[in-house]
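Add chain B to chain A, keeping to what the hints say.
Line order of the protein sequences matches chains A and B. Residues in the first sequence are numbered consecutively from 48, following our numbering. Residues in the second sequence are numbered consecutively from 2, following our numbering.
None of these hints come from the bench; they were simulated from the model. Accuracy of the hints is not assured; some may be wrong.
To be verified - Example chain B residues on the side facing chain A (calculated, C-beta under 8 Å, incomplete): (1) E129; (2) A133; (3) V147; (4) A148; (5) N150; (6) P151; (7) P199; (8) Q201; (9) P202; (10) L203; (11) P206; (12) S227; (13) E228; (14) V231.
This one's a predicted model, so the numbers in the text were calculated from it and none came from an experiment. For glycine and all other residues, C-beta sits at the position ideal for the given N, C-alpha and C.
Below are the chains, spelled out letter by letter.
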Amino acid sequence: MTLRIDTSALPVDTIRPVSPTICVARTCEGVFAFARSCPHAGADLSTGYVHGRQVRCAWHNLPFDPATGRQPCRSLADLRVFPLKQLGPELFELEEPNE
Amino acid sequence: MAELTPAYLGSSTQPVDLSLDEVEDGRIAVVQGALERLGVLEEIRCAALEAISVLSSATIAQAVQEHGFERIHDLVPPAAVRDLLRLLALAFSPLAVPIVSLLAKTLRTPSDELFVAQQAWVRIMMPEDILALNRPMFDGQLGHAVAHNPHRDPWFSQSIDTINAWAAIGPVSHGNSVLVYPDVWRQPMERAGQTVAPGQPLGVPVSFEMAPGDVLFFSGEHVHSSEINVTTKTRFVMSFRLTIRPPRPGEGRSEAEFHRVAL
Chain A
48 MTLRIDTSAL
58 PVDTIRPVSP
68 TICVARTCEG
78 VFAFARSCPH
88 AGADLSTGYV
98 HGRQVRCAWH
108 NLPFDPATGR
118 QPCRSLADLR
128 VFPLKQLGPE
138 LFELEEPNE
Chain B
2 MAELTPAYLG
12 SSTQPVDLSL
22 DEVEDGRIAV
32 VQGALERLGV
42 LEEIRCAALE
52 AISVLSSATI
62 AQAVQEHGFE
72 RIHDLVPPAA
82 VRDLLRLLAL
92 AFSPLAVPIV
102 SLLAKTLRTP
112 SDELFVAQQA
122 WVRIMMPEDI
132 LALNRPMFDG
142 QLGHAVAHNP
152 HRDPWFSQSI
162 DTINAWAAIG
172 PVSHGNSVLV
182 YPDVWRQPME
192 RAGQTVAPGQ
202 PLGVPVSFEM
212 APGDVLFFSG
222 EHVHSSEINV
232 TTKTRFVMSF
242 RLTIRPPRPG
252 EGRSEAEFHR
262 VAL
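Isolated chain A (complex conformation):
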């Protein structure tokens, strides 16, 4: 399913859910889409926060690079990230997987 995302109401340093499984964040480096479920304990990353270039889970503070999904623990899976196609200055599109 294709999701269209209007980011005009997404200020820098904020995260917002865009579907039951995906959220978007705007950091100083741009807009990123990633899975809502934290690979550590399954907390909802849409309630996380932006810290510099990172997105952090509010529950246990696990940091992620929202561009790659990488996090610092080898024992945990990286965060699933979703490529965004930019359609306009504040309009993006992504393909939500059918799962």
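The following block gives chain B in isolation, referenced to the frame of chain A:
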């Protein structure tokens, strides 16, 4: 990290100006060097080394002394770390009341009495990747060896309005600290059992850099959790609990008896 920075009070040369009723009312503060000034830090560190010697070997205890408690995960076998948690809790629980009483005498209190839990909570959080290799050994050790989800203390076993005295025995840093969520202080929260229900905004948590002997004071009514240990260092902490008025039971079975202490 958070815009709200905790109050750091009292280096070894400065008087401590912290009132426990402010802490009950939500203030978060680190009293620097508190255990060292009381002469308690060395006692705890020596007891921990002795316990490591008994549970593993004198050579390993010597290595921990040399390299620091933050290297426990490199030096002490995981089974001994698990037993260390239990052994130190047994050893220091009888000393909780005298230790907290001494600590409280260095602070301002609203009356001449306190109520102190006769229990020491020992917390040895190894780096997450090390913990993951030994996870079954630490099952159920939430907040002691395994990261605890956000919660308020009275939701499971503690008195309402309990104050936590969270004492660094080894160094604590961002990346292996406790997390406190001041943005939701006294806010109604939906629960899932004994922790915060998923999906609720918690704001930006505060974490703490602490040297051995520093003591963090915060109310158990603050939503708090464990920071996943993404550092290469083990975080070794002992915590104590007290109330400034007669304890009122929270939910569940109380983990510890509170003793009235005249100051």
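query: Going through the earlier hints one by one, which of them does the structure break, listed in rising order?
result: 3
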